[in-house]
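Q: Protein chains in written order, with my numbering: chain A, 1 to 395; chain B, 1 to 373; chain C, 1 to 324.
Mixed in with the good hints, there may be bad ones.
Stated by the list, open to error - Listed next, the in silico EDC-like pairs over lysine to aspartate or glutamate satisfying Cα-Cα at most 16 Å (straight line):
1) A:Lys392 - A:Glu144
2) C:Lys251 - A:Asp212
3) B:Lys217 - C:Glu51
4) C:Lys251 - C:Asp295
5) B:Lys368 - C:Glu165
6) C:Lys110 - B:Glu308
7) C:Lys252 - A:Asp212
What the hints assert, rightly or not - Negatives, chain C to chain B, calculated, CB over 12 Å:
8) Arg23
9) Ala66
10) Leu72
11) Glu165
12) Val189
13) Lys222
14) Glu224
15) Phe300
16) Tyr308
17) Met309
Source of the hints: derived by calculation from the structure; they are not laboratory data.
Note that beta-carbon positions come from the ideal geometry of N, C-alpha and C, so glycine has one too.
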Amino acid sequence: MYKVAVPRLDPGMQSGKIVEWLKREGDHVEKDVPIVMIEGEKTTFEVNSPGAGVLRKVLFEPGMDVPVGQTIALVGELNEPLPVDAESQQTPEPAMAQQTTVVPAISRAQEPSASPVARRMAREVGIDVSKIKGSGPGGRIVREDVQKAIEQMKTQPAAVAVTTQEARSVPVAKTIRLAGKRKATAERLSYGFHTTVPVTITMDARMEAVLDQRKDLHSRTGEEISITAYVVKAAAKALEDHQMINSSLEGDELRVYGDINIAVAINTPDGLVAPVLPQTNTKSVPEISRSIRDLTERSMQNKLVVSDLTGGTFTVTNLGGYGVELFAPVINPPQCAILGVGRTSERPMIIEGQVRAASMTTLSLVFDHRIVDGVPAAQFLQRVKELLEDPKKLD
Amino acid sequence: MPYGADFKQQAIHMHGTHSPAAVGEQIMASGTARFETVKSFGPVEANELTKHAMSRERLLQMLRKMIEIRRFEERVERLFLQEGALIGPSHLYLGEEAVAAGAVGALDDDDLIISTYRGHGHAIAKGVPMKPLMAELFGKSTGTCKGLGGSMHVAIYPEKGSVYATAIVGSGVPIATGVGLALQREGKGRVVMTFFGDGATNTGAFHEGINLASVWKVPVIFVCENNMYAMSTRADYAVAAESVAARAQAYKMRSMVADGNDPVSVYLAAKEAIDAARNGQGATLLECMTYKLHGHGVYDKGDYRPKEEIEAWLKRDPIDGLEARLLKANLASQADFEKIEKKVAAEVEESLAFAKASPVLPFDELAKYVYVR
Amino acid sequence: MPELTYADALREALREEMLRDPRVVLMGEEIGVFEGVYKVTRGLLKEFGPERVRDTPISEAAIAGAAIGAALGGLKPVAEIMYMDFLPIALDQIATQAAKMHFMSGGKLKVPMVLRTQYSLGRVHGAQHSQFFPSVLFQVPGLKVVLPSTPHDAKGLLKSAIRDENPVVFIESGMLYRTKGPVPDGEYVIPLGQCDVKKTGNDITIVAVSRVVTEALAAAVKLEEQGITADIIDPRTIQPLDLPTILESVKKTGRLIIASDDVKCGGIGSEIAAQVVEEAFDSLDAPILRVAAPDMPIPFSPTLEQAYMPNAQKIIEAAKRLIG
Chain A
1 MYKVAVPRLD
11 PGMQSGKIVE
21 WLKREGDHVE
31 KDVPIVMIEG
41 EKTTFEVNSP
51 GAGVLRKVLF
61 EPGMDVPVGQ
71 TIALVGELNE
81 PLPVDAESQQ
91 TPEPAMAQQT
101 TVVPAISRAQ
111 EPSASPVARR
121 MAREVGIDVS
131 KIKGSGPGGR
141 IVREDVQKAI
151 EQMKTQPAAV
161 AVTTQEARSV
171 PVAKTIRLAG
181 KRKATAERLS
191 YGFHTTVPVT
201 ITMDARMEAV
211 LDQRKDLHSR
221 TGEEISITAY
231 VVKAAAKALE
241 DHQMINSSLE
251 GDELRVYGDI
261 NIAVAINTPD
271 GLVAPVLPQT
281 NTKSVPEISR
291 SIRDLTERSM
301 QNKLVVSDLT
311 GGTFTVTNLG
321 GYGVELFAPV
331 INPPQCAILG
341 VGRTSERPMI
351 IEGQVRAASM
361 TTLSLVFDHR
371 IVDGVPAAQF
381 LQRVKELLED
391 PKKLD
Chain B
1 MPYGADFKQQ
11 AIHMHGTHSP
21 AAVGEQIMAS
31 GTARFETVKS
41 FGPVEANELT
51 KHAMSRERLL
61 QMLRKMIEIR
71 RFEERVERLF
81 LQEGALIGPS
91 HLYLGEEAVA
101 AGAVGALDDD
111 DLIISTYRGH
121 GHAIAKGVPM
131 KPLMAELFGK
141 STGTCKGLGG
151 SMHVAIYPEK
161 GSVYATAIVG
171 SGVPIATGVG
181 LALQREGKGR
191 VVMTFFGDGA
201 TNTGAFHEGI
211 NLASVWKVPV
221 IFVCENNMYA
231 MSTRADYAVA
241 AESVAARAQA
251 YKMRSMVADG
261 NDPVSVYLAA
271 KEAIDAARNG
281 QGATLLECMT
291 YKLHGHGVYD
301 KGDYRPKEEI
311 EAWLKRDPID
321 GLEARLLKAN
331 LASQADFEKI
341 EKKVAAEVEE
351 SLAFAKASPV
361 LPFDELAKYV
371 YVR
Chain C
1 MPELTYADAL
11 REALREEMLR
21 DPRVVLMGEE
31 IGVFEGVYKV
41 TRGLLKEFGP
51 ERVRDTPISE
61 AAIAGAAIGA
71 ALGGLKPVAE
81 IMYMDFLPIA
91 LDQIATQAAK
101 MHFMSGGKLK
111 VPMVLRTQYS
121 LGRVHGAQHS
131 QFFPSVLFQV
141 PGLKVVLPST
151 PHDAKGLLKS
161 AIRDENPVVF
171 IESGMLYRTK
181 GPVPDGEYVI
191 PLGQCDVKKT
201 GNDITIVAVS
211 RVVTEALAAA
221 VKLEEQGITA
231 DIIDPRTIQP
241 LDLPTILESV
251 KKTGRLIIAS
261 DDVKCGGIGS
271 EIAAQVVEEA
281 FDSLDAPILR
291 VAAPDMPIPF
301 SPTLEQAYMP
311 NAQKIIEAAK
321 RLIG
């Protein structure tokens with residue numbers, strides 16, 4: 001009998017929340033194939049079955065917080081007897097050797113039997129068909145079952161004042177249940193927003209030197225260096241002299257980090273991720289650019305690992321590629337600040353008394369005023385600008 | 001030209017003891033001739049050509065038809081074998097021209113024929129123009145069947161009274177019986193003539209068909225082109241009867257034999273059969289003794305046949321034979337023949353150019369031909 | 001409304017068409033003097049004479065071939081193949097000649113003939129006088145295949161078949177000849193290629209052909225007692241098939257049973273099931289089931305034949321399997 005326990009997915013993780021069971025009691029499971037989704041401190045992970053067999057017992061339902069190490073399910077043969085006190089089984093903390101991936105995916109073949117029309121109806125309203133109880137022959141989920149589930153959804157607590165006049169009801173085009181990554185992101189950012197005191201300051205930087213150096217490197221090595229890489233290196237170097245910004249506030253403790261690990265925001269079809277470049281200040285701009293490219297690829301393929309997503313001390317986010325000039329991004333809790341990069345474009349500037357075209361970009365720094373004040377933040381941003389305008393100083 | 005005085009002797013020599021003439025004699029001798037004997041029409045001597053109301057025009061017309069068939073088929077053969085321009089099975093009428101020219105020549109224009117996969121000759125004899133014939137062989141939309149039938153159905157041309165051509169041996173016989181029924185009910189005296197080979201007379205459809213034709217006394221002329229071989233199977237092995245014509249006697253049907261390499265012989269026999277049909281005297285089975293120049297299909301050399309046999313029949317070439325007699329009887333000159341040849345050659349080339357230049361039906365137009373809408 | 005037997009309804013159709021169009025001629029074995037083995041052609045020889053009602057020798061290939069030739073020659077023949085078991089003897093004429101002539105001739109030839117036949121499954125005629133295998137025919141493009149299940153349908157469909165310019169194989173059911181049903185007075189035709197919804201319901205769609213339609217209707221009554229209502233659809237023509245009517249019903253009920261007297265393997269049910277899955281997959285609430293005869297020749301012994309045949313009970317069992 002295999003025991004499935006809550007693994008330690010983040011270094012600081014004490015307990016995990018059961019998000020979703022991917023298999024039901026009685027389903028056949030394979031070794032190293034995901035059977036449950038658990039939410040750690042920062043992200044939600046799939047946890048694999050330690051062995052092949054039948055999922056004999058599920059001990060905790062979704063929504064429950066379970067301490068790390070606690071057994072949450074049992075996998076074995078059909079004829080194996082269940083341990084008497086299966087509920088209170090505690091396994092020694094398993095190593096984080098389990099292969100986990102970030103983005104959950106329910107594969108078709110593992111779904112319970114559902115008729116084609118049931119699948120379609122569930123898909124159209126965004127219900128996971130496998131969560132519905134089947135009343136058809138052999139436990140098949142049939143149309144009636146989905147219809148009932150939809151009815152239930154509709155009659156969830158409305159909590160609107162019944163005394164008011166009849167409000168206009170807007171037809172719902174699509175209902176998508178908040179789950180998985182989206183849900184985790186929503187909860188985490190909401191928490192951050194309610195605890196930090198964000199202030200935004202902006203500064204424009206001239207990018208000719210960066211563009212020239214990029215062009216030069218490209219013609220020499222053929223390599224494309226991203227602008228983001230330059231900004232990341234500039235921020236990392238600037239943080240060396242402005243350590244207070246490379247910190248986090250947890251309760252009453254202000255932690256100034258020893259390493260500078262810049263997280264880079266990457267947009268994937270499944271949502272935003274911010275993988276980390278460890279010891280960013282020790283890496284060269286081309287190295288950073290390559291790392292960013294690698295992380296982007298792996299993000300798109302859902303191949304990020306735990307170490308990719310933990311240990312960030314500062315975040316850089318670039319919406320310039322989408323035409324944004326200036327924006328106030330949300331600080332990535334529990335970090336102190338986040339630097340937003342806008343579009344690099346030609347603008348008319350007064351240079352030595354003359355109106356001339358210059359390549360400019362707007363840097364937007366959002367910082368937590370509980371940790372730093374405006375002047376130190378401005379001085380940090382000034383330093384970033386300096387480094388960008390004279391990239392030779394970056395290395 | 002070895003048109004012997006004694007066709008019977010020759011026929012016996014050519015066809016062994018299964019010669020119909022010999023059989024006829026046997027039946028007569030045995031006194032069991034309850035049914036009509038097989039009437040035989042031998043080759044016609046030069047000095048007898050214009051007997052039986054056979055005009056010079058008609059003789060030249062038949063010659064022209066034979067030359068048209070011969071040159072068309074020769075060109076088709078080259079397209080297949082030398083030029084590789086045509087593909088698929090094709091069964092040439094080379095050597096049998098006299099049967100089509102004589103039998104179809106005896107029909108009126110509004111009489112009908114049903115042909116087979118060896119139908120290029122019947123089609124030309126019935127007046128199907130060469131252009132759509134050639135185009136059909138190339139699978140073009142300007143072909144007789146819009147390219148959907150091919151060589152084996154090329155003779156389908158109801159506009160000229162060729163109402164069907166089938167690729168299934170023997171299957172045309174019952175269909176001809178049905179057409180005969182329709183013509184009988186029509187009451188205008190029209191007749192239908194259908195062609196098939198010696199092998200067809202062994203199929204169930206043949207026997208069912210001529211039996212029913214005899215029962216209904218329909219105006220059909222069943223023409224059997226006995227070229228002695230069904231592919232490589234000899235008729236004297238596979239036909240378990242004294243002769244094909246003798247088979248008709250088992251169905252109380254009039255039967256005849258003609259020299260299939262003499263268009264005049266065929267014409268005279270066919271005429272008699274047609275007149276009988278027109279006068280409500282029922283169907284006739286007309287067996288024409290003939291021979292293929294080459295094999296069954298265009299790729300078949302026919303070398304399973306004894307060399308002496310092939311050579312003997314080559315000497316009886318129908319076109320040479322008629323030309324010789326026309327010259328002998330002073331009914332035509334060499335110049336007349338050359339004039340025909342020239343015109344025919346031009347017609348053949350014209351049809352080839354037409355076929356090559358024609359388009360193919362687009363595939364998405366095909367569905368509408370499955371049903372009559 | 002007057003009631004006629006299935007056989008009499010057919011006869012009326014033949015008679016009316018023969019009166020209407022002098023080109024219509026009948027040919028077949030025993031149709032004249034004997035008046036037909038199932039009496040469908042009773043009185044017709046007397047009324048129309050031997051020119052138009054022709055007894056033939058036992059020559060299925062010639063009967064079919066002569067019908068083709070007659071059609072080519074301008075007549076409108078209605079030929080009879082006494083038992084569907086004899087149809088293969090004429091298969092060359094039907095499938096290789098008639099079906100293909102219009103296409104092969106690039107649209108020049110038309111074969112406006114009807115080939116009537118029947119299957120006697122249920123009459124203890126044994127393996128060689130009971131067969132029903134329409135698949136052989138509807139797998140041949142160029143033929144139309146019609147199967148009436150009631151006297152009303154039989155008359156209207158036969159008239160349409162005779163007027164159709166394509167070769168039509170008209171398959172009657174030996175078991176149905178003596179059944180009675182309402183047939184309206186006066187002229188009416190039923191177009192080919194149209195389903196008839198003979199009963200409506202919401203829970204399940206039952207497509208049934210020929211004899212099995214009565215079984216399906218009986219099953220529907222019994223199912224209603226258990227609160228299960230069914231759409232009973234009789235395609236009437238299986239080539240061309242009126243698929244939209246079937247799809248509409250399946251989209252409503254989500255469950256489909258196809259019931260017919262042919263064997264399961266490669267039968268009518270197989271084709272309809274495949275078409276429905278292709279076009280209405282996302283409407284299916286359950287697998288598609290076929291109620292058909294088992295894959296074996298028909299046993300002679302009467303109780304064994306009864307056990308072999310599709311019936312209301314088997315349809316009910318299939319319905320239960322779908323609904324659970």
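Q: Taking the shortest Cβ-to-Cβ distance between Val189 (chain C) and chain B, state whether it exceeds 12 Å.
A: holds, 17 Å
Q: Find the nearest Cβ of chain B to the Cβ of Tyr308 (chain C) and say whether that gap is larger than 12 Å.
A: holds, 32 Å
Q: Given the hint that Lys252 (chain C) pairs with Asp212 (chain A), does the C-alpha gap stay at or below 16 Å?
A: Since the Cα atoms of Lys252 (chain C) and Asp212 (chain A) sit roughly 67 Å apart, the hinted pair is violated (cutoff 16 Å).
Q: Is the claim that Leu72 (chain C) lies outside the interface with chain B correct, judged by CB distances over 12 Å?
A: violated, 5 Å
Q: Does the claim that Phe300 (chain C) lies off the interface hold, with its Cβ farther than 12 Å from every Cβ of chain B?
A: Its Cβ never comes within 12 Å of chain B, the nearest being 28 Å, so this holds.
Q: Can the restraint linking Lys368 (chain B) and Glu165 (chain C) be considered satisfied, given a maximum Cα separation of 16 Å?
A: Since the Cα atoms of Lys368 (chain B) and Glu165 (chain C) sit roughly 14 Å apart, the hinted pair holds (cutoff 16 Å).
Q: Verify the proposed pairing of Lys110 (chain C) with Glu308 (chain B), using a straight-line Cα cut of 16 Å.
A: Not satisfied, since the Cα-Cα distance of roughly 47 Å exceeds 16 Å.
Q: Between the alpha carbons of Lys217 (chain B) and Glu51 (chain C), is the straight-line distance 16 Å or under?
A: Holds: Lys217 (chain B) and Glu51 (chain C) sit about 12 Å apart, inside 16 Å.
Q: Is the nearest CB of chain B more than 12 Å from the CB of Ala66 (chain C)?
A: Given a closest Cβ separation of 4 Å, the condition is violated.
Q: Taking 16 Å as the top limit, are the C-alpha atoms of Lys251 (chain C) and Asp212 (chain A) close enough?
A: violated, 64 Å
Q: Are all C-beta atoms of chain B more than 12 Å from that of Met309 (chain C)?
A: The claim holds: Met309 (chain C) sits with its nearest Cβ about 33 Å from chain B, beyond 12 Å.
Q: Decide if the proposed pair is consistent with the structure: Lys392 (chain A) and Glu144 (chain A), CA atoms, cutoff 16 Å inclusive.
A: Answer violated: Lys392 (chain A) to Glu144 (chain A) is near 68 Å, above 16 Å.
Going down the numbered hints, you'll see the structure goes against 1, 2, 4, 6, 7, 8, 9, 10, 11, while the others check out.
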